[in-house]
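Student: Just so you know, the protein sequences line up as chains Z and X, in that order.
Per the working numbering, the very first residue in the first sequence carries number 1; after that it's consecutive.
Per the working numbering, the very first residue in the second sequence carries number 1001; after that it's consecutive.
Accuracy of the hints is not assured; some may be wrong.
To be verified - Computed Cβ-Cβ distance ranges for the label pairs, DEER-style:
id	chain 1	residue 1	chain 2	residue 2	range
1	X	D1135	Z	R157	32 to 38 angstroms
2	X	D1139	Z	I12	16 to 22 angstroms
3	Z	K138	X	F1013	25 to 31 angstroms
4	Z	S19	X	E1029	29 to 35 angstroms
5	X	E1068	Z	K138	46 to 52 angstroms
Unchecked claim - Derived SDA-like pairs (lysine to any residue); straight-line CA-CA distance at most 25 angstroms:
id	chain 1	residue 1	chain 2	residue 2
6	X	K1108	Z	G159
7	Z	K21	Z	D33
8	X	K1003	Z	D141
9	X	K1108	Z	G97
10	X	K1030	Z	G97
Rather than coming from a laboratory, the hints here were simulated on the basis of the structure.
Remember, it's a predicted structure, so these values are computed and weren't measured experimentally.
Cβ coordinates follow ideal geometry from the N, Cα and C atoms, glycine included.
Protein chains: 2
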Amino acid sequence: MEKWSPRKITDIFSTPVFSLKRMECHHPEKNVDHDFYLLSTLDWINVVALTEDGEIILVRQHRLGTNELTLETPGGLVERGESPESTAIRELCEETGYFPDRITLMKKLAANPAIQDNHIYFYLAENCRKTGEQDLDKDEDIEVALFERDQVRAMIRSGGIDHSIAVTALSLYFLMD
Amino acid sequence: MEKWSPRKITDIFSTPVFSLKRMECHHPEKNVDHDFYLLSTLDWINVVALTEDGEIILVRQHRLGTNELTLETPGGLVERGESPESTAIRELCEETGYFPDRITLMKKLAANPAIQDNHIYFYLAENCRKTGEQDLDKDEDIEVALFERDQVRAMIRSGGIDHSIAVTALSLYFLMD
């Protein structure tokens, strides 16, 4: 199977979270040209965080994409010069005030390689303790909520957790556990 | 928890797959303004397809986002006027040549409500039989591969399936099974 070969890449627009690029490509085997539009962005992290009692720490926030309050696993962008693991700990602390005793990478996945160039690092943070308060950006408004394992599993099956990245994180945790 | 209120929405750029919009928003409780960038796109479907023998039908294709050959569950865009279920059957047939005896919705999730407005419908297609050949667009180059359930589960745990949406689909199947 031959790969598409990009012949020209053009920057179209940059936002604080991603930039949009056009890739003018050629397929050598099929001998066709095609324009692909790429969202270029930093890597992301997402964290399944467990308290010392084994409860799962979730966050609720308003998401403008769907105009809903969504229940999610904590997550964020890996800043330049920061490791994914440090980002996971930082975002967990900032969004929830909880700090983990142990953090392990469950999985690194391509976020959506059809249109994006970045990866998501999914972490498991264990024995988290509330060591401080939330430290939110001015554009963040986040509620913290703890749930039993079985409650979370039921919400994945029947509704209540509808953000696909949070479902991926939690499903990985349940599958790997 | 108050919601962000969009005051002005501006179209920035349209591609065949998504369009980029700027939402100038205000938060009534925090009394701050913030610009959000939204990717507006059609809904997507994704299919866990099983043969009559219980093998899982995956597709391999070159993805320009990561410049990798990725192993995935079949998927695609719900065209205007088409139901998600019809799309799932159509995409499965076009990408693989297999047709299902039964198709059921496992889950509808928000794709990524932080930046996107669309949903992904995850289907389970059962008793699929090879009834024809692939019917690909000129820009598609897709290989079909069948795997045992346990092989797929191992590839989610240890590598081999690295596309986050495919991992979500397959994890949902394993969790709900």
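Student: Hint by hint, note whether the structure agrees.
Tutor: Outcome of the hint check:
Between D1135 (chain X) and R157 (chain Z) the beta carbon distance is about 34 angstroms. The supplied range of 32 to 38 angstroms therefore holds. The beta-carbon spacing between D1139 (chain X) and I12 (chain Z), approximately 19 angstroms, falls within the hinted interval of 16 to 22 angstroms. Range check, K138 (chain Z) to F1013 (chain X): about 27 angstroms between beta-carbon atoms, so the 25 to 31 angstroms window is met. Checked against the given bound of 29 to 35 angstroms, the beta carbons of S19 (chain Z) and E1029 (chain X), roughly 31 angstroms apart, stay inside it.
A beta carbon spacing of about 37 angstroms between E1068 (chain X) and K138 (chain Z) contradicts the range 46 to 52 angstroms that was offered as a hint. With a CA separation close to 9 angstroms, the supplied pair K1108 (chain X) and G159 (chain Z) stays within the 25 angstroms bound. A distance of roughly 16 angstroms separates the Cα atoms of K21 (chain Z) and D33 (chain Z); the hinted pair therefore holds under the 25 angstroms criterion. For the proposed pair K1003 (chain X) and D141 (chain Z), the alpha carbon gap of about 9 angstroms is at most 25 angstroms, so the pair holds.
Distance restraint check for K1108 (chain X) and G97 (chain Z): the Cα-Cα separation of roughly 31 angstroms exceeds the 25 angstroms cut-off, and the hinted pair is therefore not satisfied. Of the supplied pair hints, the one linking K1030 (chain X) and G97 (chain Z) holds, its CA atoms being roughly 20 angstroms apart against a limit of 25 angstroms.
Figure legend: structure checked against the earlier numbered hints; hints not met, in rising order: 5 and 9.
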